[in-house]
Amino acid sequence: MYLKNCWYVAAWDYELIDGKMLARTILNENVLLYRGASGEVIALNNRCPHRGALLSEGRREGDGVRCMYHGIKYDQGGRCVQIPGQDMIPPKLRTRKYPIVESARLIWIWMGDPAHADRTLIPEYAPLHDPKWRGTPAYLHYDANYLLIVDNLSDFSHLAFVHTNTLGGSEEYAYVTKPVVVERQPRGFRVERWHMNSEAPPFHKKVIRDKDARVDRRNHVIMLIPGIFYMETMFTPAGQGAEKGNTQNAREYRNCQYMTPETDRTTHFFWSYLNNFEGSDPTISQSLLDSLIEGFMEDKAIIERQQKTLDADPAFESQMLAILADAPLAHFRRALSKLIEAEQGAPAIVAAATKVPSLA
Amino acid sequence: MYLKNCWYVAAWDYELIDGKMLARTILNENVLLYRGASGEVIALNNRCPHRGALLSEGRREGDGVRCMYHGIKYDQGGRCVQIPGQDMIPPKLRTRKYPIVESARLIWIWMGDPAHADRTLIPEYAPLHDPKWRGTPAYLHYDANYLLIVDNLSDFSHLAFVHTNTLGGSEEYAYVTKPVVVERQPRGFRVERWHMNSEAPPFHKKVIRDKDARVDRRNHVIMLIPGIFYMETMFTPAGQGAEKGNTQNAREYRNCQYMTPETDRTTHFFWSYLNNFEGSDPTISQSLLDSLIEGFMEDKAIIERQQKTLDADPAFESQMLAILADAPLAHFRRALSKLIEAEQGAPAIVAAATKVPSLA
Amino acid sequence: MYLKNCWYVAAWDYELIDGKMLARTILNENVLLYRGASGEVIALNNRCPHRGALLSEGRREGDGVRCMYHGIKYDQGGRCVQIPGQDMIPPKLRTRKYPIVESARLIWIWMGDPAHADRTLIPEYAPLHDPKWRGTPAYLHYDANYLLIVDNLSDFSHLAFVHTNTLGGSEEYAYVTKPVVVERQPRGFRVERWHMNSEAPPFHKKVIRDKDARVDRRNHVIMLIPGIFYMETMFTPAGQGAEKGNTQNAREYRNCQYMTPETDRTTHFFWSYLNNFEGSDPTISQSLLDSLIEGFMEDKAIIERQQKTLDADPAFESQMLAILADAPLAHFRRALSKLIEAEQGAPAIVAAATKVPSLA
Chain A
-14 MYLKNCWYVA AWDYELIDGK MLARTILNEN VLLYRGASGE VIALNNRCPH
36 RGALLSEGRR EGDGVRCMYH GIKYDQGGRC VQIPGQDMIP PKLRTRKYPI
86 VESARLIWIW MGDPAHADRT LIPEYAPLHD PKWRGTPAYL HYDANYLLIV
136 DNLSDFSHLA FVHTNTLGGS EEYAYVTKPV VVERQPRGFR VERWHMNSEA
186 PPFHKKVIRD KDARVDRRNH VIMLIPGIFY METMFTPAGQ GAEKGNTQNA
236 REYRNCQYMT PETDRTTHFF WSYLNNFEGS DPTISQSLLD SLIEGFMEDK
286 AIIERQQKTL DADPAFESQM LAILADAPLA HFRRALSKLI EAEQGAPAIV
336 AAATKVPSLA
Chain B
-14 MYLKNCWYVA AWDYELIDGK MLARTILNEN VLLYRGASGE VIALNNRCPH
36 RGALLSEGRR EGDGVRCMYH GIKYDQGGRC VQIPGQDMIP PKLRTRKYPI
86 VESARLIWIW MGDPAHADRT LIPEYAPLHD PKWRGTPAYL HYDANYLLIV
136 DNLSDFSHLA FVHTNTLGGS EEYAYVTKPV VVERQPRGFR VERWHMNSEA
186 PPFHKKVIRD KDARVDRRNH VIMLIPGIFY METMFTPAGQ GAEKGNTQNA
236 REYRNCQYMT PETDRTTHFF WSYLNNFEGS DPTISQSLLD SLIEGFMEDK
286 AIIERQQKTL DADPAFESQM LAILADAPLA HFRRALSKLI EAEQGAPAIV
336 AAATKVPSLA
Chain C
-14 MYLKNCWYVA AWDYELIDGK MLARTILNEN VLLYRGASGE VIALNNRCPH
36 RGALLSEGRR EGDGVRCMYH GIKYDQGGRC VQIPGQDMIP PKLRTRKYPI
86 VESARLIWIW MGDPAHADRT LIPEYAPLHD PKWRGTPAYL HYDANYLLIV
136 DNLSDFSHLA FVHTNTLGGS EEYAYVTKPV VVERQPRGFR VERWHMNSEA
186 PPFHKKVIRD KDARVDRRNH VIMLIPGIFY METMFTPAGQ GAEKGNTQNA
236 REYRNCQYMT PETDRTTHFF WSYLNNFEGS DPTISQSLLD SLIEGFMEDK
286 AIIERQQKTL DADPAFESQM LAILADAPLA HFRRALSKLI EAEQGAPAIV
336 AAATKVPSLA
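Just so you know, the sequences run in chain order A, B and C.
Note that my numbering has the first sequence beginning at -14, numbered continuously upward.
Note that my numbering has the second sequence beginning at -14, numbered continuously upward.
Note that my numbering has the third sequence beginning at -14, numbered continuously upward.
For reference, chain A alone in the conformation it holds in the complex (with noise of 0.2 angstroms):
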């Protein structure tokens, strides 16, 4: 069960060169996404309603498609405009068309009632618009319920122990830092946590010069529903008072990820991480997708087999064990609930909301 009134990334515009028929499963509907003649990124249910063919295995006319089964074309609105050999349309052979807004290389896609699909309700990333951050966009599938990936994304103590030497750097950063603001919002969690006085972690060291300097580092994070993360990374001379606001010689990434469910065990994950300082030299981009793929690829890891250990036993979901550090999962769950409760006019189960500690 998933919010369905609510905007998911369907692709990265890359996605759709050369005119491909993009089949995409999305909340386990089977999209078909391409760019029409006119320019128009169109998205459409993929199975022809006559008998089921795929329309991404058919053809691209203008704006439309035919199916290469029987001849039957849609137009860029799903609606039958032709059938081989018979000149009565019936009305109701139509496909669902999807609401669709490209917006900074990201094509986003509105799973529920169009009606509802207000584009001023997407949640633009401002580092995709601005031209002095650079990085690749990049797509990762993962073979693991979404809300899995939001929790990884909740606790950053992962990255002592699952990124020691990728992402993280030491598991002192476990040991030695917490959270300075955990923030519950009504879709969402803010989280920050700085970690001061340490090695700079490898994925770090790789694109600076004085490799040996110690930094401070602030990891500043929002997670938003339906899974929508945006992180700030800040590294500066240890010791200079950034805490306090001494941003001199900072480093500074921008990070943003989007889950979108692909079916109740499989998830789409994209990303960018940007940087502001790679200048003309575009290695630093590449240094950093490539670290940031070994990092995701210890997570991938981790969490396609947390998904393996819930087939194995659903009733375990239930079972979790909280710790502090689960707080903002928690909230994040709860009011994921609530929203699709809302939405269905029926209590939801979301993928068991762990409960909930105080925090210290």
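Among the hints, erroneous ones may be present.
Same chains, same names: a pair is fine if it fits in one copy or spans any two.
Claimed, not checked - Quick list of in silico lysine-lysine cross-link-like pairs, BS3-like style, CA-CA up to 27 angstroms:
id, residue 1, residue 2
1, 293, -11
2, 229, 190
3, 77, 293
4, 285, -11
5, 229, 196
What the hints contain is simulated information worked out from the structure, not anything from laboratory work.
Knowing the structure of chain A, use the given hints to seat chains B and C on it.
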């Protein structure tokens, strides 16, 4: 749920040479097929009734078979005739024997009540008995319910889009031709369709001399319950009046196809494509065999994808929207449902019947 | 449904060398097995109770283990002893510890109520403790329910057909020999069978000098709940009166086999085949190991196929037809059912008991 009291094709004769113990699931039952020492083809339930070892892994002895787990031997009637180490043979210890008829290279099996296995009910296909029709029998396995193949064969407009460059020849076939006959029969349907003054389709071009000559083409199709398809195809020089009976210089084909359910989601597909003009040139049969396999692979890709689509959302089957050309398939499913209902003494649900549009 | 309050073999000791963190599913529970710094073998539920990451992917620390997702540490009793970044340890945060006993190279586990884990209930097998019996412990994995392996071992007529060229020697074994003892016991059965004046079977021939000498062969089998098999095998020169006690020049084997359910459809199979005559020649043990693996592979093919047959039609299990030789297996399943019923306080359905034929 299947129609049981009727003949299905179980195998071609060539599949049982060299002492082959053929394990073949038919209508969800695991059947052992083999040719006994007497030459008779024998079909037994393949599960040893003792502990379920496969008799196909056993040893043929005369017309019988010995299970090679504990050595229990069954005769050609499925009766236990020996238990090593035990003198008394319990009369209940037997495996089911299925009635078999071998005719015109086909091995027919009766999966229902043996008391009704009347061999005169076998739908003999005259060209298979007639040496003037030449062709190579062949087998394909489909990962799809057999009725999806019946559907495919019930509307030849798909030739235009699926088989444009193989069996069809052009998309024109769908636009300028219509069935001139669509006849509902108690156990199937008959459809006749002409394509006048057209280029010869690729498969036919390969086996004729004058590849540029325009042709008139007649396809005459009969489909019979439970899933038997016959087609007469005739090409004549365009415009000579073939439709009025002038069949001078005609090139003709006869095609039989037999769809036997393996499981609810898989099908055995037996077929032969026959011609009457190859004379002493065996490359004609070989070329036609290759062309038909090429064409069937195009069907198979679409049909197996339909099955996956239905597996992902079984409710879709009853939501499909019919066009006029679906009249034959809708009639077929209704007629089959009625026969199964009569046999079972209860309402049957055959893969949902589409609502029948009235014919134009 | 399994008998829980009994000892199962979890591993051979050699599987836990070099700091191995062994994840092994037992009775459908994911168990972590490892040897702690103290030398003690420890078994914990492998799911971190926090978010389900696998402790087997974690890090052993002393006798404890640290989950490498968020760094939570558990001691050898499964109690949480550290949460990085959190001072208070909730007492509920613990993973289940399973009683373990190590004896004669076997690691035994108790999956039921630890209060009843009485180590004197472990069925010790004397030859495993006695240095005069030599052999190589080994492990196989079966894709089949463990009771199908028990079945296999309960009727040695299968030696004749399954193992003709390996462990059996000839089909004669099934025709001219019968059990001389079939004894039903409260927790199993005992069967004794003699084969007089026969050729030596291939596995035995390989390890003796006079390969042509006729032998008398005794197999004496004990099967115990939940799935423990012992066999004494003796070969003497034919006709010297071994059956009356003259065991001069006998060659003897001792064999233990332990079937531990992994899941309802898979089994851990531990075994050792021991001899008392190899002296200083280790090639004897090696040859016997190879021969037994060869023989078990023959069983495995049949037994795993039985499992597939039952998966395809679970109703078949209660339709199987017994022969006289099935008395032991039928008794075993009934006795096991009763014990499970007593433990659960409710009727148990153990993979269907065959109706017991009366013994001849």
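Do the hints match the structure? See the list:
1. In this homomeric assembly, residue 293 and residue -11 come within 27 angstroms of each other (Cα to Cα) both inside a single copy, at 26 angstroms, and across copies, at 24 angstroms.
2. Taking identical chains as interchangeable, the C-alpha atoms of residue 229 and residue 190 lie at most 27 angstroms apart only when both belong to the same chain, with a minimum of 24 angstroms there against 83 angstroms between chains.
3. Taking the shortest alpha-carbon separations for residue 77 and residue 293, only the inter-copy value of 24 angstroms comes in at or below 27 angstroms, while the best intra-copy value is 41 angstroms.
4. Taking the closest pair of Cα atoms, residue 285 and residue -11 come within 27 angstroms of each other only inside a single copy of the chain (26 angstroms); across copies the shortest separation is 35 angstroms, beyond that limit.
5. Taking identical chains as interchangeable, the C-alpha atoms of residue 229 and residue 196 lie at most 27 angstroms apart only when both belong to the same chain, with a minimum of 24 angstroms there against 86 angstroms between chains.
The structure agrees with every numbered hint stated previously.
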